[in-house]
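Enquirer: Read top to bottom, the protein sequences are chains A and B.
Quick note, this note's numbering runs 329 ahead of the 1-based positions in the first sequence.
Quick note, this note's numbering runs 40 ahead of the 1-based positions in the second sequence.
Please keep in mind that the hints were generated in silico from the structure rather than gathered at the bench.
Watch out, some of these pointers could steer you wrong.
[Stated by the list, open to error] Keeping only pairs whose Cα atoms sit at most 20 Å apart, straight-line, the calculated EDC-like set for lysine to aspartate or glutamate is:
#1 Lys461(A) <-> Glu535(A)
#2 Lys399(A) <-> Asp66(B)
#3 Lys80(B) <-> Asp384(A)
#4 Lys352(A) <-> Glu535(A)
[Said to hold, decoys possible] Every beta carbon over 10 Å from chain A, so not counted as near; a handful from chain B, in silico:
#5 Thr42
#6 Asn46
#7 Phe48
#8 Pro56
#9 Ala60
#10 Leu65
#11 Phe70
#12 Asp75
#13 Thr88
#14 Gln89
#15 Thr92
#16 Ala94
#17 Lys99
#18 Ile116
#19 Asn119
Glycine residues also receive a C-beta, built at the ideal position from the N, C-alpha and C atoms.
What follows is the residue order along each chain.
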Amino acid sequence: MKVAVLRFPGTNCEFDTQYAFEKLGHTTELVWHENQALPTDIDLVVVPGGFSYGDYLRSGSIARFSPVMKAVTTYANDGGKVLGICNGFQILTEAGLLPGALKRNNNLHFISKHQNLCVVNNDNPFLNKCSKGEVLNIPIAHADGNYYIDDEGLKKLEKNEQILLRYSDSEGNPVVVNGSVTSIAGVCNENKNVFGLMPHPERALEEILGSVDGLRMLKGFDTL
Amino acid sequence: MTAVVNVFLKEGVLDPQGKAAHHALDSLGFEGVTDVRIGKQIIIQLDTQDKTKAQAEVKEMCETLLANTVIEDYTIEIN
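So that you can see chain A by itself, here it is in the shape it has in the complex (with noise of 0.2 Å):
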């Protein structure tokens, strides 16, 4: 499978998510935001996290204007797999390709820690080779994580199997860790082909820095 990994100014999880996924046997090349295009042949994009353009006005709103998001929404919009990671899922749901937005969190602290999710939905390409209920330890690192929907919005995501991951206890019960409409971590948009999380799977790789889980997560799009 071949990656592309996305890079606008401020982005600074671009080399751990090569990492990931070339550990797991993947190629990967990273894409300038300026790009118009997109290398041909991929199978998967991924936004990774960091601070484009600062966070300034609000984080995302500015990168997805960047000349590469234009190829990636018609990337998407034709069906192909796209992953955005923290800042990445804020670039997502900026660009109107996942629904919903993320706003401060509700204690205005950056928070950076180890934390349990729990495995919402796995009927999708991202966490087909996680278990429904399951727990996973993986880290939070934002402050702007606080996902928030309307209530018609929320009733869509449920309907439709698209919250993919909900912050929870190490039991898989929901805890508020940012305020997150139902604690809510990652969502995906009803195609099912665009996925967004605000916890770093690629800083969970080793058992050495305390959790391997990151690896189970990003091996789904191993069969693409």
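Please build the complex by placing chain B on the supplied structure of chain A, with the hints as guidance.
Expert: Relative to the frame of chain A, chain B by itself:
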């Protein structure tokens, strides 16, 4: 012309910064504060003299970039 755009979180969307400032005002002894909302103000200089055109243009700027209408409302004042 100058356009003054105010962007605020929508009514019903919890404003954590406003809430924190509200608590701070309470603990400082300011009485009778019933709500605090924090937003941002964006001031845009335009080279047009046509107020209607300016209004329409700034509205488009708000819808496209300056506000995220999923969570935010905005007001425009043209001077």
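Enquirer: Each hint needs a verdict: does it hold in this structure or not?
Expert: Evaluation of the provided hints:
Note on Lys461(A) and Glu535(A): the hinted pairing is violated, with a Cα-Cα distance of about 23 Å set against a maximum of 20 Å. For the given pair, Lys399(A) sits about 47 Å from Asp66(B) by alpha-carbon distance, which is inconsistent with the 20 Å threshold. In summary, the hint linking Lys80(B) to Asp384(A) is supported, as the alpha carbons are separated by about 14 Å, within the 20 Å threshold. For the suggested pair Lys352(A) and Glu535(A), the alpha carbons sit about 11 Å apart, so the restraint of at most 20 Å is met.
In this structure Thr42(B) is separated from chain A by more than 10 Å, as the shortest Cβ-Cβ distance comes to about 19 Å. Every CB of chain A lies more than 10 Å from the CB of Asn46(B), the least distance being 14 Å, so the non-interface label holds. Taking the minimum C-beta to C-beta distance to chain A, about 12 Å, the non-interface status of Phe48(B) holds against the 10 Å cut. At the 10 Å boundary, the C-beta of Pro56(B) falls inside the reach of chain A, the nearest C-beta of that chain being 5 Å off.
Not every C-beta of chain A lies more than 10 Å from that of Ala60(B), the closest at about 6 Å, which undercuts listing it as non-interface. The non-interface label for Leu65(B) is consistent with chain A: the shortest C-beta to C-beta separation is roughly 16 Å, beyond 10 Å. No Cβ of chain A comes within 10 Å of the Cβ of Phe70(B); the nearest lies about 20 Å off, and the non-interface call holds. Its beta-carbon lying about 17 Å from the closest one in chain A, Asp75(B) satisfies the requirement of being farther than 10 Å from that chain.
With a closest Cβ-Cβ approach of about 23 Å to chain A, Thr88(B) is found to remain outside the 10 Å limit, as its non-interface label requires. Every beta carbon of chain A lies more than 10 Å from that of Gln89(B), the smallest distance being close to 28 Å; the non-interface claim holds. For Thr92(B), the non-interface assignment is confirmed: its Cβ lies about 26 Å from the closest Cβ of chain A, beyond the 10 Å cut-off. Separation of Ala94(B) from chain A is adequate, the least Cβ-Cβ distance of about 21 Å exceeding the 10 Å criterion.
With 10 Å as the threshold on Cβ separation, the claim that Lys99(B) sits away from chain A holds: the shortest Cβ distance comes to roughly 17 Å. Non-interface status of Ile116(B) relative to chain A is upheld: no Cβ of that chain comes within 10 Å, the nearest being about 16 Å off. With 10 Å as the threshold on Cβ separation, the claim that Asn119(B) sits away from chain A holds: the shortest Cβ distance comes to roughly 22 Å.
In summary, the numbered hints that this structure violates are 1, 2, 8 and 9.
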